[in-house]
Every structure is written in C-alpha cells, then in structure tokens.
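Chemist: What follows is the residue order along each chain.
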Amino acid sequence: MKPIEAVNDFVVKFANVNGSGSASANELFAKAILRMGVPVSPRNIFPSNIQGLPTWYEVRVSEAGWLGRRGGIDMMVAMNPQTWDTDVAELEPGGYLFYDSTRPLPPSKFRPDIQVIGMPLTEICNAVYSDPRQRQLFKNIVYVGALSVLLEIEPQVIEKLFGEQYRGKEKLLASNVQALHLGRDFAHEHLKGPLGIRVRRADQVGDRIFIDGNSAAALGCVYGGATVAAWYPITPSSSVAEAFQKYCSRYRIDPATGQNRFAIVQAEDEIASIGMVVGAGWNGARAFTATSGPGVSLMTEFIGLAYFAEIPVTIINVQRGGPSTGMPTRTQQADLLSCAYASHGDTRHVLLFPEDPHECFEHAAAALDLADRLQTPVFVMTDLDIGMNQRLCRPFAWEEGRAYDRGKVMTAQELEAGKDFGRYKDVDGDGIPWRTLPGTHPTRGSYFTRGTTRDPYARYSERGPDYIYNVERLLRKFRTAATLVPQPLLRIASQPTRLGVLYFGSTSPAMAEALGALEEEGVHLDAMRLRAFPFPDSVAQFIAAHDKVFVVEQNRDAQMRSLLVNELEVDPARLVKVLHFDGTPITARFITAAILRQVEAMAPRARPRPAAQELLK
Amino acid sequence: MTYLAKPPLHHPTLEKNRVGYTRRDYEGKISTLCAGCGHDSISAAIVQACWELDIEPHRVAKLSGIGCSSKTPDYFLGASHGFNTVHGRMPSVLTGANLANRDLLYLGVSGDGDSASIGLGQFAHAMRRGVRMAYIVENNGVYGLTKGQFSATADQGSRSKKGVVNSDSPVDLVGMALQLGATYVARGFSGNKGQLVPLIKGALQHGGAAFIDVISPCVAFNNHPGSTKSYDYVREHNEAVSRIDFISPGAEITAEAGPGEVVDVRQHDDTLLRLRSLHAGYDPTDRHKAMACMQEYQARGEIATGLLYVDPLATDLHLALNTSALPLNALGEGELCPGIAALDKLNAALR
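Chains as they are written, first to last, in the numbering used here: chain A, 7 to 623; chain B, 557 to 907.
Chain A with its partners taken away, still in its complex shape:
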C-alpha cells in the first residue's frame, strides 16, 4: 500500500493513558505546527477519571483552514496498549503507526496496509532518567522530538514554546529541550524520514488566536461587566469560573485600594449558585453562573422564578453527553429542550449558540446585555467541544466606547419626577416592563418580587385577567427577544437549490467543510447558521423557501428540529434529521455522507429549482 502523501493536510491522533502527562506534550505538538503558520485544530477526547483510562488527542492539520473534525486518522501515535486494536483499525490505508517498540510486537498486531514506525521510547528514557516520573513524563517529549524530525516540524519553534512555558524556570526549560533532542537524535539516526505526511511553513494563520471556549466565555463575562459569579464545579464547565477568576485578578483590581471589583463564590451546589445569581441580578449587578446539563436540571426551579419574576440571569451551559450523568467528558448538543423550556408552567428562555471561542466571548458579553434588557434568563449554549478544546478563531474585538445595556431601570430622579411606576406594566409595547433596584427611593418604586402571579403594579393577584395579562406580556417580550438576539447567518449555494440546511454551535466548522464536499458531489445547499432562540423571522422564511431543510445537530432526538417545529409550526416532514450523538465531535465526512444518503433517497423530487434565492433576497 502506498503511504499517504500530504503536506499540511493530515490528521494525527495520540493514544495515551490518562494521567501519563501526555496532554502538554501533545498540545506542544499542535502549537508548534500552528506557529509554523499552518492552521491546526486539536481535540482532547478524554475519560471521566483522573488516571489510568484511555485518552486521545487528535490534531487536524489543515492548510486550507478546516477546523472541524475530518474523520479518519493518517498517523496514530499509539502509546496505549489497552486501545491498540481499535487505534490501529482507525488508521486510513497508507497511514502511519508510531509506537513504542521497547517490546517489539508480532506482525499480527499490525495491518499490512499501513506504515509502522517503532521507537524504543521506554528503553531510551530508562537509560537516561532514573526517576520514574521523569521516565514517564519525558517519554512524551521524546516522541514529540522524533515526530518533529519525521514531520519536519522546526525544532526552534518547539524550543521557543518551551521558553515561553518555562520562563523563569531554567531547570525545567533545559531538561525539556534535552528530551526533545533525545528524540530528534534518535530519529535522525534510526528512523526513515521525512514521511509522506509533513509540515511546511505557511502563512495561513494570520491574526487568528488560539484559545478554548471556556476561557473565551469567561473573558466575555469580564468585558461584558459581570461582577458576581456563583458556580459549582462540574465538567466541562468548571474552567469558565476558574478563568473568570484569573481574568478578574488581572483586570478587575482597583489600583487605588487593591479591592476586587468582582465577587466569585463557589457555592454549595448548583441550586445555590443560581440562587446567588438571581439575588445579584435582582439587585442590579450583572451576574452569571457556568454549568452543564445536570446543573441546569438542579437550577430549573430558580430559572422558572427568574423568568416569571423577570430577573436578569446569565447561564453558560457547557453541554456534555446526557441524560443523567451520561458521558461527562464527551460532547453533545442535547440540552436544547431542557434549557429552552426549563421550569414548570409555560416558559420560554433565550438561548445563544456560539460556534467557536470568538463567539463564546461575544455571546457571553451579549448575554449579559440581553439579560438586563429583557430581564430574563439567557443561556449561552456552548459545549465541551468548543469549551475545552483550543480552537483557532478570529481575534477578540470590542467596540470603542461600547456601553452596557442596563435595560429599563427607573432611577430615583425619574421616580421623583413622578414617572408612573408599575413593575409589570407594558409601558413601551415590547413586553418589557420597567424595574427599580432596591434602595433607590425612600417612598417610590419599591415593590414585592414573588413567583406567584400579580397585577401590573406587582400586587399579589389570583385574578384570571391579571394572570393572562402577565403571561401574554411575557410572550410579547419573547417576540421582542427575537429581534435583539444575534441573527442567523445565511450562506447561499453556488447554484440555485430547493434544499437547505440549518445548523448551529460547534457543528459549524465541520458543516462549513461538508458544504464544500457536497458541492463537489453536486449537492447544493443554502445554509443558515442559527445563532439564537427565539428564532428570528428569517428562520421561518428560510424554511419556507426550501422544499427540504436538513437540520444538523449532535443529539439523538433532533431537539433543534423539535424546537423549529414547535415554535414555527412548520410541517415536520420538511425538516430532515442529520444526527450525530456518540459523544465525539461531528465530522465533515459524517455530515457529507448523511446528507448524500438522504438526497439520493429523496431524488428526483428535490432537484434544484431557482425560486429559493428569490425568496431569500
């Protein structure tokens, strides 16, 4: 079998054991390629434990800039005997298998159609290092060194990264550089390189940044003016709060007094964390919590209170595999319905769907504005794939002089001037009432907040008309929300078509690539990326303009499709499910194959007709 030949366009997967210290070495590998100007997209696929179970780190190298998972592996760095068979099976024909040959394996353990590269890593490390931990840790750096020779990654770039990582820790710097060269020297002497897959310096990264979505969301909360964060640790969201702490410590200390312009509380549980956010929001501070599916389940009663009592709340939901404990360290988009309708009774909540860390930043800041403007809970629906993996994305941007939208808060001066205040009156016709903050005025504007129903002046009431006024106004407010949330983005196919596709969130990079692949197969799709719920009118128009619309999502039950059917009252038969839900991030190959299959099944009825473009203009 001919070895794969590809420059700057391949996938390397590292199979390791959790707790072996491989994560930083693998990240180093990815970053070195990035520093050579070649876009990379790494994904950490890890178990829900600390030590001993299998973990993988998949790096997609793509000069073309594809950042989704492609599917298939060109090179497997197989360091975990436990997963050997499945790791070997995952290789593309002509792919490369790199393994620790300290204990040589019989030919039956390999495939005839792959290239095997053995290197006695354990033996080398045992000869050089006496400390068991060092033997383990440096094994990872040694293989990065060998790979740098085989794939032609510039060693100076790696050394520079070491220099940044170990600034001020000269001893660590020197020992890591030594391990790197141990690997390089062995590869030069004993291995045949470079391989058919290799890296060549390019200029395709531009000004893009490399960061994980959780850090980006935390930074968005800092820029968006959040001052109170209450949270409870839960994978994969914990690093949102931890990053918020880090950024606040950097940016939010009053230089004159040394005091903190923020308060972060690790609560006793998710219920208390959302309770604190509700209290802070009621009292006029921008507040958020970060959690995942099980946390949202616990928070649901409070979310209902915040909806009905109309209190600004921001929730960053880094989704993981559910239901129940599900797969805590695997990704899904499976909390859509539980968040959209969280709580008993008739409720609807605002959801935002960031596609990458850049939008995690933007949407987190926007959520704080929206929550204040709409006086309601707003969810930022990210997921493990965006949240915990570093992703190449547009740099963060902030408009000069951007003012926070504090919403309709009546001041003491306005109250003093005699402005009529009715807490739940729809003064402006947009469903959003005015509020006052506690302590504003000695005699005017105070009211009693409660989860029970009330009249427009916040007086307890069980009268039917008062209740109906209330809940219909809330619906009106929800319709207003559709005009304020980030609007969907439309991409028209290169040829007229009656087929469309809707997608959202972390599916985006794989979808972008799949659209190109489908075009090559003659399937043209107009595409709309949803960025928020409630759905703006353009979503209904998009569906109306196409005979069939694929809805691509990462859950079993087609939850986004259900939302579309329920909210827009479209014929379900027109919305075609494309579902991926094994816990790994969706791949371009999967989407392409699934849509091709469906298009073939529905032909010839869905042959392109020119009307859709006209309707969408």
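It should be emphasised that the hints constitute simulated quantities derived from the structure, not laboratory data. A hint or two may mislead.
[Said to hold, decoys possible] Computed spacing ranges between beta-carbons, pair by pair:
#: 1; chain 1: A; residue 1: 184; chain 2: B; residue 2: 871; range: 34 to 40 Å
#: 2; chain 1: B; residue 1: 809; chain 2: A; residue 2: 352; range: 30 to 36 Å
#: 3; chain 1: B; residue 1: 900; chain 2: A; residue 2: 607; range: 29 to 35 Å
#: 4; chain 1: A; residue 1: 572; chain 2: B; residue 2: 888; range: 39 to 45 Å
#: 5; chain 1: B; residue 1: 871; chain 2: A; residue 2: 208; range: 53 to 59 Å
#: 6; chain 1: A; residue 1: 477; chain 2: B; residue 2: 888; range: 30 to 36 Å
#: 7; chain 1: B; residue 1: 592; chain 2: A; residue 2: 574; range: 26 to 32 Å
We put the CB at the ideal spot given by N, CA and C, even for glycine.
On the provided structure of chain A, position chain B as indicated by the hints.
Modeler: Relative to the frame of chain A, chain B by itself:
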C-alpha cells in the same frame, strides 16, 4: 400575602424617629395570617426594631422563602423591596443580593419548614459563609400552609393536632448556627416582644451572619396540649439566659440594678449590647460554653432564650472576598471593562 394596603392616613401627632418616620411608616400590607399567629407578633417586633434604630425603610432588603413565615415580609416595611423566593432557598438569593450591593441592610425571614428541611443546606452555608444579614426563623414546628404536617424542628414525642406522635428527633437550628460559625445567635419567643425587639435590633446592626430562632406558635395547627411549640408550653418552659438591651451610639448608657451580672458588648459599629446574665457564669461571647449550655437546657426540656452567642468583632463575606467598598452594582464600564488595549495585548499573547 395580600394586596390590601393599610389606609395611608396617619395621625399627625404620631411620634417620629430621628430620620423622620413614624412606626406606621414601617408597616406593610394587611396580614392574611390567622388571628393570633406568632408571626404577626414578630412582624410587629421588626417594625418596632427598625423604627427604634432609625433605619430608613428603603435601605432594607427583605427576603424570604416559601411558607407562612415567608409571606410576612409583605406585612412590614412596605417601602422596602421584598423578595419572596423559592422554598428553602432564600439564603442564596440574599447572598447574591448582598454581594451586589453591600450598602443595604439584609433581612432574611424564613420558617422551620423552609430552613430546617428543604433549605437546611442553604441555611448552613449562609451561616458558615458569614453573609451579613439578620436571618430570622419563625419557628412553629409545623407546616401551616399545607395544614398541619410536622416540620423538622418538631420535638420528638410531641403531638400534632390530629394526635399523631412525632417519632423523629428535631433539628436544632440554634445549635447548628453555633456549630457552623454564625457570629450572632439568639432565640426568642414571639410572645415576648420585650425580649425580641432588642434581639432583632442587635441582629440588624451586627457585622456578620446573625441568626435568631423565634418560637412562634401556630394557632391553627400547633397550639394544643401535646405540642411543644404552643404558647402555653413555651411560656412554662422558657428559660431566659440573659436580658438584652440594645444601645445605639450616642444614646444614654445607664445600668439598671437587677439580678445577675451585667455585660456590655460593644459591636464593630459602636452599638452596645448590654446583657444581664440571668444565670451565673453565662458568657455570651464564648461559643463553646454557649453550645454546652444550650445542650444542658435542652436535656432538661427547657427552651433557652435570649442572646446566646455573639462575636462583637465579626466580619462578613465581603471582607473575605475583598470586594470593592463601592457596591458592585454601582460600578460602570470604566471600572469593569478592561478596554481595547488590554484585549489587543491578550490577542497577541494567544498567537
């Protein structure tokens, strides 16, 4: 809970406090609790305490959970913002509110069902966190709104109105508050306003987490023979460990001649708690002795009331978090947004 406001007309000669308010200004809507409910007496004590302390009503934020007790904030301090949250979870909401604006006074009102059952966790963590507030539990040992089920504070062996004997041992919120680190712990009786008003005043002016458990008989469901939370039972078994006077700065300091030792405890804000210890050797500033003493009373079947423990130099969550003296909800873009230059620098570091 009601929408019936009291008539706004006040008698022109009503006495005003130093900030210009009459007692009536501290009242709320008309109570819909049963006639004779202990909770109404507690509301009256809160009104009296706030009036006497010259607190501007709108500077108080009153929060509660769910239940009869949690309805009461509607019945006092009508000019204050109130928040009737969810069952048992008032402490977290109050904590968040307090973090947002440290300049207000926080009054948390809860019940025994609210705090000792569903909300036991939040009660415990608010105490250990040192949230500055006056946390009052109106404790009647029964679920009134759902008509007479035992609550977690009902004494073992006590009888419900239907004659059922409670087999579970009770949660002692005072003991828990002492254990968990509350810095002001008291027990009162709704039938003893003279004792209750200074206890509430001390709690409102306290610098940390102040907790008052007020035995407050439920006239509808827990005021019968066999109940240990009835008016008669509490009156018969009440043992006051101290009598407390609250003295604000500038007020004349006198000491009445009376039984027992007089202890003056000066708080961080210069208010003075004057305690007349009714029992020799009772030291309200010694947490361990207070805990031991409570257990002894309990073993004897007595209900100890009064100020049981106080740490006069208590600090709060804001000090622990080193938060800005200017309330967080008053900070603007200039103080909160790091700006474009910082973002550019950060972008550069992420390449």
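Chemist: Give a verdict on every hint.
Modeler: Consistency of the hints with the structure:
1. A C-beta distance of roughly 51 Å is found between residue 184/A and residue 871/B, which places it outside the suggested range of 34 to 40 Å.
2. Range check, residue 809/B to residue 352/A: about 59 Å between beta-carbon atoms, so the 30 to 36 Å window is missed.
3. Between residue 900/B and residue 607/A the Cβ separation comes to about 51 Å, which falls outside the hinted range of 29 to 35 Å.
4. A beta carbon spacing of about 40 Å between residue 572/A and residue 888/B agrees with the range 39 to 45 Å that was offered as a hint.
5. For residue 871/B and residue 208/A, the hinted distance range of 53 to 59 Å is satisfied, since their beta carbons lie about 58 Å from each other.
6. Look at residue 477/A against residue 888/B: about 35 Å separates their beta carbons, and that is inside 30 to 36 Å.
7. In this structure the supplied range 26 to 32 Å is violated for residue 592/B paired with residue 574/A, their Cβ-Cβ distance being about 57 Å.
Hint compliance for this structure: hints 1, 2, 3, 7 are broken, all remaining hints hold.
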